[in-house]
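Protein chains: 2
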Amino acid sequence: MNNQIETLLSHRSIRKFTKKKLSNEQIQTILQAASMASTSSYMMAYTIIGVTDEIKKEKLASISGQPYVKENGHLLIFCADLNRNTLFADQTDLEKMKVNLENTEHFLVATIDASLAAQNAAIAAEALGLGICYLGSIRNNIEEVDRLLNLPNYVIPLFGMAIGEPDYSPEKKPRLPIDAFYSENSYMDEKVTEKSLNDFDQTIASYYQSRSSNNRNDFWTDQMKRKLIKPNREDVGPYTKTKKLNKS
Amino acid sequence: MNNQIETLLSHRSIRKFTKKKLSNEQIQTILQAASMASTSSYMMAYTIIGVTDEIKKEKLASISGQPYVKENGHLLIFCADLNRNTLFADQTDLEKMKVNLENTEHFLVATIDASLAAQNAAIAAEALGLGICYLGSIRNNIEEVDRLLNLPNYVIPLFGMAIGEPDYSPEKKPRLPIDAFYSENSYMDEKVTEKSLNDFDQTIASYYQSRSSNNRNDFWTDQMKRKLIKPNREDVGPYTKTKKLNKS
Numbered sequence: 002m003n004n005q006i007e008t009l010l011s012h013r014s015i016r017k018f019t020k021k022k023l024s025n026e027q028i029q030t031i032l033q034a035a036s037m038a039s040t041s042s043y044m045m046a047y048t049i050i051g052v053t054d055e056i057k058k059e060k061l062a063s064i065s066g067q068p069y070v071k072e073n074g075h076l077l078i079f080c081a082d083l084n085r086n087t088l089f090a091d092q093t094d095l096e097k098m099k100v101n102l103e104n105t106e107h108f109l110v111a112t113i114d115a116s117l118a119a120q121n122a123a124i125a126a127e128a129l130g131l132g133i134c135y136l137g138s139i140r141n142n143i144e145e146v147d148r149l150l151n152l153p154n155y156v157i158p159l160f161g162m163a164i165g166e167p168d169y170s171p172e173k174k175p176r177l178p179i180d181a182f183y184s185e186n187s188y189m190d191e192k193v194t195e196k197s198l199n200d201f202d203q204t205i206a207s208y209y210q211s212r213s214s215n216n217r218n219d220f221w222t223d224q225m226k227r228k229l230i231k232p233n234r235e236d237v238g239p240y241t242k243t244k245k246l247n248k249s
Numbered sequence: 002m003n004n005q006i007e008t009l010l011s012h013r014s015i016r017k018f019t020k021k022k023l024s025n026e027q028i029q030t031i032l033q034a035a036s037m038a039s040t041s042s043y044m045m046a047y048t049i050i051g052v053t054d055e056i057k058k059e060k061l062a063s064i065s066g067q068p069y070v071k072e073n074g075h076l077l078i079f080c081a082d083l084n085r086n087t088l089f090a091d092q093t094d095l096e097k098m099k100v101n102l103e104n105t106e107h108f109l110v111a112t113i114d115a116s117l118a119a120q121n122a123a124i125a126a127e128a129l130g131l132g133i134c135y136l137g138s139i140r141n142n143i144e145e146v147d148r149l150l151n152l153p154n155y156v157i158p159l160f161g162m163a164i165g166e167p168d169y170s171p172e173k174k175p176r177l178p179i180d181a182f183y184s185e186n187s188y189m190d191e192k193v194t195e196k197s198l199n200d201f202d203q204t205i206a207s208y209y210q211s212r213s214s215n216n217r218n219d220f221w222t223d224q225m226k227r228k229l230i231k232p233n234r235e236d237v238g239p240y241t242k243t244k245k246l247n248k249s
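Residue numbers (my numbering), protein chains in the order written: chain A, 2 to 249; chain B, 2 to 249.
This is chain A alone, in the form it adopts within the complex (with noise of 0.2 Å):
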């Protein structure tokens, strides 16, 4: 099989690393490569922030909960940005710019940017025998993500990505097979969807009795259930609304 798609079929999230520091040049790789994705109408509306500041990085980890966001070779915030877009606009040109800028669509446009780029740069990374894991957990307190880095209006933080040489070697977790989640022409039929999920319970049921840490009995929909019914991050909303986004 081709090695570019052997690295994507291999993904497998890190959550432990050496101590080894990234090197200029793989940050610089990484950083180009997530630039050169795929871009709404040219607007490549994000920004990266790199965390380095010891003291930064262990609020981060306070914050997420995760000791790798704090230990791991770099630390990548990804941020949905649309204030760059607006910086030569005159005062007139931005009054006129607050309906897209405040709007869903463009909350959606810069997510995306932001998205596709992370994921580009987690390819590079693993491109390069790198491990990388999203953080999400960030969004945990958002507010005090957004200050620690002093984001302007329309810059929200989305999520981290902690990237490193790996420490260990974890299995490959299961994902949910085509016939969950593609379909043709149409939504797919809720009938077949439930067979599918049927099917995936049991495949991910062998594999957390199987796999060599952490085992536990568990189905994926109990696992989304539980999930779901607990009330989580109910301020993501209201602070978008304060950065001048997702507004109408």
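Accuracy of the hints is not assured; some may be wrong.
As the list makes no split between identical chains, a pair holds if one copy fits it or if it spans any two.
As the list claims (entries may be wrong) - No more than 25 Å apart at the CA atoms, straight line, and that leaves these computed lysine to any residue pairs for SDA-like:
{"hint": "1", "residue 1": "Lys21", "residue 2": "Glu185"}
{"hint": "2", "residue 1": "Lys17", "residue 2": "Pro68"}
{"hint": "3", "residue 1": "Lys174", "residue 2": "Asn218"}
{"hint": "4", "residue 1": "Lys99", "residue 2": "Lys248"}
{"hint": "5", "residue 1": "Lys248", "residue 2": "Asn142"}
{"hint": "6", "residue 1": "Lys173", "residue 2": "Ser207"}
{"hint": "7", "residue 1": "Lys245", "residue 2": "Asn141"}
{"hint": "8", "residue 1": "Lys173", "residue 2": "Asn3"}
{"hint": "9", "residue 1": "Lys242", "residue 2": "Gly137"}
{"hint": "10", "residue 1": "Lys242", "residue 2": "Val100"}
{"hint": "11", "residue 1": "Lys228", "residue 2": "Gln92"}
{"hint": "12", "residue 1": "Lys97", "residue 2": "Ser41"}
{"hint": "13", "residue 1": "Lys248", "residue 2": "Gly238"}
Keep in mind the hints are simulated off the structure, nothing from the lab.
Dock chain B against chain A, hints included.
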């Protein structure tokens, strides 16, 4: 250079394809690669719909205003999907889940999950020697796309992706230099960004003047200004709320 990094750095959007359809094997490889992307809390909160029906493709092309939405090797529509995660919940659980399903946090989770999967699909396609183009333009009439694909509540179409054998070889389009989108420990100083954007305006002016087709005089900053002062897709926000997403 590592050929995987080279693929990432060589990306161009392809807007004209040969008549060759993707093989079933190519489609399966692309979908499998998509599924291996990272996912927030294992939710895998996206659905991909392949559109092969000629009438539906025609309608999507008319919404997008782009001929390559109809003429390509395969057409995928990426949807943010929280519906699948609810299928095994009873009515009591479902009532409790609503606080999450309907909030901005989970709108972000599903949008980011779908985008990471999409970028893996894009890289896989390019690794197979194919070309791709993202189609944010399906949001020109997001409600009609929704009806066309019979999407239930908690599911919205985000963007399409046309994939196929490239029928031309466009120049690589410049991206923002790293110092315009990356800073350390804090959001970038506005003066630094303005300097970078002035430099980038010169790069992009040369690019537009020298490229082999569709020459023009333009700066990036002017392009952004023109784009953002014109109200665009103001229906996307209200539509997301009718789908019970992004409400709080």
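Next on the checklist: When Cα atoms must be at most 25 Å apart, do lysine 242 and valine 100 count as within-copy, between-copy, both, or neither?
Outcome noted: both (13 Å within a copy, 18 Å between copies)
Item to check | Alpha-carbon proximity context of lysine 245 and asparagine 141, limit 25 Å | outcome: both (20 Å within a copy, 23 Å between copies)
Next on the checklist: My question is about lysine 173 and serine 207: at a cut-off of 25 Å on alpha-carbon distance, are they close within one copy, between copies, both, or neither?
Outcome noted: within (13 Å within a copy, 46 Å between copies)
Item to check | Up to 25 Å CA-CA - glutamine 92 versus lysine 228, copy category | outcome: between (45 Å within a copy, 16 Å between copies)
Checklist entry - For the identical chains here, do lysine 99 and lysine 248 meet the 25 Å Cα criterion within one copy, between copies, both, or neither? => result both (10 Å within a copy, 20 Å between copies)
Checklist entry - With identical chains treated as interchangeable, where does the CA-CA distance between lysine 242 and glycine 137 reach 25 Å or less: within a copy, between copies, both, or neither? => result both (19 Å within a copy, 23 Å between copies)
Next on the checklist: Checking an output row: lysine 173 and asparagine 3, CA cutoff 25 Å. Within, between, both or neither?
Outcome noted: both (19 Å within a copy, 24 Å between copies)
Item to check | Intra- versus inter-copy proximity for serine 41 and lysine 97 (alpha-carbon distance at most 25 Å) | outcome: The answer is within: 20 Å in one copy meets 25 Å, while 36 Å across copies does not.
Checklist entry - Is the C-alpha distance from lysine 248 to asparagine 142 at most 25 Å within one copy, between copies, in both cases, or in neither? => result both (20 Å within a copy, 20 Å between copies)
Item to check | lysine 248 and glycine 238: within-copy, between-copy, both or neither at 25 Å Cα | outcome: Both: 9 Å inside a chain and 8 Å across chains, each within 25 Å.
Item to check | Alpha-carbon proximity between lysine 17 and proline 68, which holds within one copy, between copies, both or neither at 25 Å | outcome: within (8 Å within a copy, 47 Å between copies)
Item to check | Within, between, both or neither, where lysine 21 and glutamate 185 count as close if Cα-Cα is 25 Å or less | outcome: The answer is between: 19 Å across copies meets 25 Å, while 46 Å in one copy does not.
The structure shown violates none of the earlier numbered hints.
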